[in-house]
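Chains as they are written, first to last, in the UniProt record's numbering: chain A, 1 to 268; chain B, 1 to 268; chain C, 1 to 268; chain D, 1 to 268.
Any given hint could turn out to be false.
Since the list gives no way to pick out one identical chain from another, each pair is judged satisfied if it fits inside one copy or across any two copies.
In the SDA-like style, the derived pairs of lysine to any residue whose C-alpha atoms are separated by at most 20 Å in a straight line are [stated by the list, open to error]:
id, residue 1, residue 2
1, LYS151, ARG44
2, LYS151, ASP237
3, LYS151, PRO190
4, LYS151, LEU266
5, LYS151, GLY65
6, LYS151, ALA268
7, LYS151, GLU102
8, LYS151, GLU222
9, LYS151, GLU209
10, LYS151, PRO235
11, LYS151, PHE220
12, LYS151, ALA62
13, LYS151, LEU60
The hints are simulated quantities; they were obtained by calculation from the structure and are not laboratory data.
Protein chains: 4
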Amino acid sequence: MTTTAPAEAGPTGYSLPLSPTGASAMLTPPPWHFSGDVIMVDYRVDPEAAARFLPPGLSLGADPGAAAAVFAEWQWCSESGEELDDPQRSQFTEFLILLACEYEGVPMARCPYAWVDSPVPMMRGWVQGMPKQFGSVHQTRPKSVGLAGPKPNAPGRHAGTLSVHGRRVAEMAVRAERRIEQPPLLHTVPLVHTRVFPTWTSSAPPVAELVSSEVTGVEFGEIWAGGAELRFPSPLDDDFAGLAPVEIGQGYVFAYAETLCGGRLLQA
Amino acid sequence: MTTTAPAEAGPTGYSLPLSPTGASAMLTPPPWHFSGDVIMVDYRVDPEAAARFLPPGLSLGADPGAAAAVFAEWQWCSESGEELDDPQRSQFTEFLILLACEYEGVPMARCPYAWVDSPVPMMRGWVQGMPKQFGSVHQTRPKSVGLAGPKPNAPGRHAGTLSVHGRRVAEMAVRAERRIEQPPLLHTVPLVHTRVFPTWTSSAPPVAELVSSEVTGVEFGEIWAGGAELRFPSPLDDDFAGLAPVEIGQGYVFAYAETLCGGRLLQA
Amino acid sequence: MTTTAPAEAGPTGYSLPLSPTGASAMLTPPPWHFSGDVIMVDYRVDPEAAARFLPPGLSLGADPGAAAAVFAEWQWCSESGEELDDPQRSQFTEFLILLACEYEGVPMARCPYAWVDSPVPMMRGWVQGMPKQFGSVHQTRPKSVGLAGPKPNAPGRHAGTLSVHGRRVAEMAVRAERRIEQPPLLHTVPLVHTRVFPTWTSSAPPVAELVSSEVTGVEFGEIWAGGAELRFPSPLDDDFAGLAPVEIGQGYVFAYAETLCGGRLLQA
Amino acid sequence: MTTTAPAEAGPTGYSLPLSPTGASAMLTPPPWHFSGDVIMVDYRVDPEAAARFLPPGLSLGADPGAAAAVFAEWQWCSESGEELDDPQRSQFTEFLILLACEYEGVPMARCPYAWVDSPVPMMRGWVQGMPKQFGSVHQTRPKSVGLAGPKPNAPGRHAGTLSVHGRRVAEMAVRAERRIEQPPLLHTVPLVHTRVFPTWTSSAPPVAELVSSEVTGVEFGEIWAGGAELRFPSPLDDDFAGLAPVEIGQGYVFAYAETLCGGRLLQA
Chain A
1 MTTTAPAEAG PTGYSLPLSP TGASAMLTPP PWHFSGDVIM VDYRVDPEAA ARFLPPGLSL
61 GADPGAAAAV FAEWQWCSES GEELDDPQRS QFTEFLILLA CEYEGVPMAR CPYAWVDSPV
121 PMMRGWVQGM PKQFGSVHQT RPKSVGLAGP KPNAPGRHAG TLSVHGRRVA EMAVRAERRI
181 EQPPLLHTVP LVHTRVFPTW TSSAPPVAEL VSSEVTGVEF GEIWAGGAEL RFPSPLDDDF
241 AGLAPVEIGQ GYVFAYAETL CGGRLLQA
Chain B
1 MTTTAPAEAG PTGYSLPLSP TGASAMLTPP PWHFSGDVIM VDYRVDPEAA ARFLPPGLSL
61 GADPGAAAAV FAEWQWCSES GEELDDPQRS QFTEFLILLA CEYEGVPMAR CPYAWVDSPV
121 PMMRGWVQGM PKQFGSVHQT RPKSVGLAGP KPNAPGRHAG TLSVHGRRVA EMAVRAERRI
181 EQPPLLHTVP LVHTRVFPTW TSSAPPVAEL VSSEVTGVEF GEIWAGGAEL RFPSPLDDDF
241 AGLAPVEIGQ GYVFAYAETL CGGRLLQA
Chain C
1 MTTTAPAEAG PTGYSLPLSP TGASAMLTPP PWHFSGDVIM VDYRVDPEAA ARFLPPGLSL
61 GADPGAAAAV FAEWQWCSES GEELDDPQRS QFTEFLILLA CEYEGVPMAR CPYAWVDSPV
121 PMMRGWVQGM PKQFGSVHQT RPKSVGLAGP KPNAPGRHAG TLSVHGRRVA EMAVRAERRI
181 EQPPLLHTVP LVHTRVFPTW TSSAPPVAEL VSSEVTGVEF GEIWAGGAEL RFPSPLDDDF
241 AGLAPVEIGQ GYVFAYAETL CGGRLLQA
Chain D
1 MTTTAPAEAG PTGYSLPLSP TGASAMLTPP PWHFSGDVIM VDYRVDPEAA ARFLPPGLSL
61 GADPGAAAAV FAEWQWCSES GEELDDPQRS QFTEFLILLA CEYEGVPMAR CPYAWVDSPV
121 PMMRGWVQGM PKQFGSVHQT RPKSVGLAGP KPNAPGRHAG TLSVHGRRVA EMAVRAERRI
181 EQPPLLHTVP LVHTRVFPTW TSSAPPVAEL VSSEVTGVEF GEIWAGGAEL RFPSPLDDDF
241 AGLAPVEIGQ GYVFAYAETL CGGRLLQA
């Protein structure tokens with residue numbers, strides 16, 4: 001993969017800012033390694049509302065209206081691993097919504113909304129076609145000793161909150177009650193995104209490509225499941241409000257890791 | 001200008017996130033109106049270092065090594081003006097570096113580095129080709145009464161600071177001493193950027209287009225000039241360090257406004 | 001005034017942290033100079049609710065239920081003025097509520113709630129007896145050029161927002177319509193606070209002193225008045241909810257400065 | 001323990017803000033439960049510099065110049081545990097320095113400097129006499145799966161960083177190499193603080209009391225030890241600079257919990 005721009009003489013880099021050696025680029029090229037802790041709730045939305053979020057080429061698939069809400073606290077690094085020595089740069093939290101869908105008969109997940117609390121992951125989201133915006137995202141951390149929090153890999157209550165522009169947009173709670181073997185379906189299928197680079201000059205139509213993410217090194221820790229709560233107290237706009245829960249399913253707590261290697265073009 | 005993506009049926013919007021009506025897009029389409037307060041210092045860099053930041057098509061021009069460092073505190077709104085009712089969304093601060101350059105004989109300014117403290121302006125930067133990253137940017141605010149700060153449009157000392165990842169990257173101070181009529185040159189010429197959308201799928205080379213920004217409604221308030229200080233205490237990397245001041249010129253304090261309408265493609 | 005602690009040999013300082021020379025103290029001793037821009041709305045609360053916020057010694061006075069909500073964007077410095085060279089340290093925003101009251105026949109204002117976005121002003125609040133907590137506080141900045149905001153000292157719309165723990169707690173808008181001469185009453189009377197230092201050892205009852213603030217150097221800029229909006233969308237608790245507006249009065253926009261010199265003990 | 005102020009009729013609460021029912025107080029009364037993850041380095045300072053940070057009543061003790069630097073990521077809750085459902089409120093990070101000392105022959109630890117990233121823990125610090133200021137504090141999180149971080153309770157590298165006002169004040173790294181049984185000494189002795197409530201009215205001298213913290217429910221997880229790095233790149237002032245490492249000892253990584261119940265008055 002050619003990962004630098006521009007290719008000729010002149011400043012270079014995987015992304016802006018371009019610089020003489022490429023060292024100043026805000027983004028390192030993939031692969032990117034992620035290790036995280038996830039709190040997730042299965043829920044159902046109005047299938048017609050979900051369908052309005054799917055671009056041509058995607059359909060609702062076998063279970064119309066299946067959705068999930070996901071909080072994750074990530075640590076990441078590039079191939080070199082050097083970001084890990086500066087924890088401020090290698091940590092972020094994320095909240096996202098997933099809609100079940102299908103592309104050419106293959107079950108996939110569509111992410112209509114996502115928020116992170118760190119600029120590099122936000123920008124990397126746009127490179128992938130993942131619509132990451134900036135938010136204040138917090139979730140319970142399992143603690144191995146003491147009274148202030150649930151233990152890792154044990155029964156206990158885990159909460160997550162998202163605020164955007166000073167308003168509480170999402171709240172979740174999961175009661176880890178029992179260990180299960182099967183990961184939640186929407187966390188196992190490929191993500192399918194639309195890479196969009198907005199138009200700027202009148203001559204250039206916007207880039208808009210349907211792509212699926214390519215990951216390796218997927219690992220799940222123990223998966224705990226149980227009852228769940230999910231609320232969207234202050235919807236951002238009417239489109240977002242259309243994805244409000246009409247039914248709330250099971251909740252999950254698990255550790256998860258993957259390496260994101262790039263994307264596969266489905267259609268341009 | 002076609003500003004929505006994708007054009008067919010399906011979710012739409014000027015940018016991600018796409019949604020049924022387009023209402024969820026993080027970015028509104030241009031034009032964008034900006035009203036700001038600027039603290040700026042002319043300085044000189046090693047001309048060879050500056051040249052290494054210029055892509056093919058640009059040359060150093062008549063004054064090789066001329067540069068400027070700019071702090072600005074902005075308020076912005078879209079055509080509708082609705083962002084102004086939520087000040088948290090309509091305000092941001094910015095620090096940027098400008099290098100004098102020339103395109104086909106026309107003097108322009110190249111911005112090798114920029115930082116803002118708000119995600120929407122950061123992302124809008126990338127749409128324009130302006131390499132905005134996230135930083136902690138602060139500058140003195142003129143105050144019309146009392147002892148805690150300089151008065152607007154009067155002699156006084158104005159300071160600016162940039163920190164990135166918890167390190168102090170730039171510090172500036174300008175002593176407004178006298179009113180002048182002529183705006184500082186590098187704040188009057190067009191900006192020339194490289195729009196970069198990094199590669200993601202092996203089949204797609206990165207987007208990389210040389211564009212100049214198109215602005216209207218330029219307004220300057222009173223321009224005050226005087227002695228200046230400029231330091232880069234913790235350089236981010238060796239490329240950035242190459243743009244350290246070898247000579248510090250005059251400083252300026254002024255209010256400035258413009259409307260950013262889009263870009264003109266110079267070469268793709 | 002003896003301003004250092006402890007008095008004997010040993011580390012010293014106006015506040016924690018104590019250090020060999022006192023240089024590390026988080027707070028400088030008063031006087032503190034403040035220059036600010038204020039957006040303020042007169043409103044009325046249920047007088048019985050207001051009375052429940054008044055400690056013994058204070059009564060509702062001549063206009064029971066008179067209240068005000070105030071947004072202010074401050075720059076501050078100590079006697080040395082050195083904080084002004086580090087704008088990050090010398091700027092903060094504030095939202096507070098004021099209740100009309102009376103002490104021994106003298107009209108005063110009681111501040112039941114206040115929020116700032118910076119730790120030094122928060123801690124200084126507790127030294128004064130002002131109940132400052134941490135919040136996300138934003139208000140419109142007048143801009144002298146361009147389309148993105150009202151002009152200073154001119155008709156225009158000014159907004160303010162407060163979020164606490166990711167929830168929108170207060171929203172205000174004032175339409176500056178006409179210049180007036182008389183400052184709003186509740187911004188001219190002394191503030192009366194209860195200095196509280198919570199108990200920690202069983203032998204020590206909490207400090208709780210009724211004090212009024214002593215200010216000099218009061219300056220008002222032009223005062224503009226007009227119609228106003230005020231909402232408390234997400235009350236923090238039932239006590240706070242008791243101070244919701246039952247009637248909304250006039251709004252004001254003005255610059256304001258003062259020097260805070262210390263407090264006068266009314267009763268211990 | 002009497003924990004509310006004032007005792008008579010009128011608004012009440014453990015701390016400001018006082019309100020009709022006490023529900024608005026920023027601080028809940030102790031006990032406070034803490035569960036945390038700690039990265040710690042033993043080091044040595046100039047004993048004369050350390051002595052200058054000790055108030056009358058404390059001496060350097062058996063090992064003059066023994067010190068430690070501690071990063072901790074905490075989750076906390078009050079007796080009710082209700083804060084845990086809002087992770088934004090129940091999490092904070094902390095960096096602190098400890099100096100070995102002795103009070104009446106009993107080994108204790110003195111904390112000359114501490115920083116946290118959350119206002120409630122900062123204010124609670126001042127109630128205890130712990131000189132907590134606001135900083136940007138980050139440390140490596142152990143992750144049970146994947147490549148982005150060390151595993152919990154296993155060999156690996158852990159880092160911590162502190163920035164204050166946009167400058168990097170402390171950096172630490174610990175290589176967990178082997179499990180040990182004995183906790184690091186300075187994390188096992190009582191903390192001895194000076195409770196300071198600055199003076200405000202001319203009639204009131206500042207409160208200044210020597211107190212030791214009373215904790216129960218101490219729990220250590222597995223303790224891993226190994227080589228360590230510690231740097232203070234941008235000292236805040238000359239007093240702080242006096243505590244720079246003259247020798248760096250062993251590093252530790254462990255989980256830790258305690259319940260903080262109040263303080264014991266040593267001398268007023």
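Hints breached by this structure: Hints 1, 2, 3, 4, 5, 6, 7, 9, 10, 12 and 13 contradicted; others consistent.
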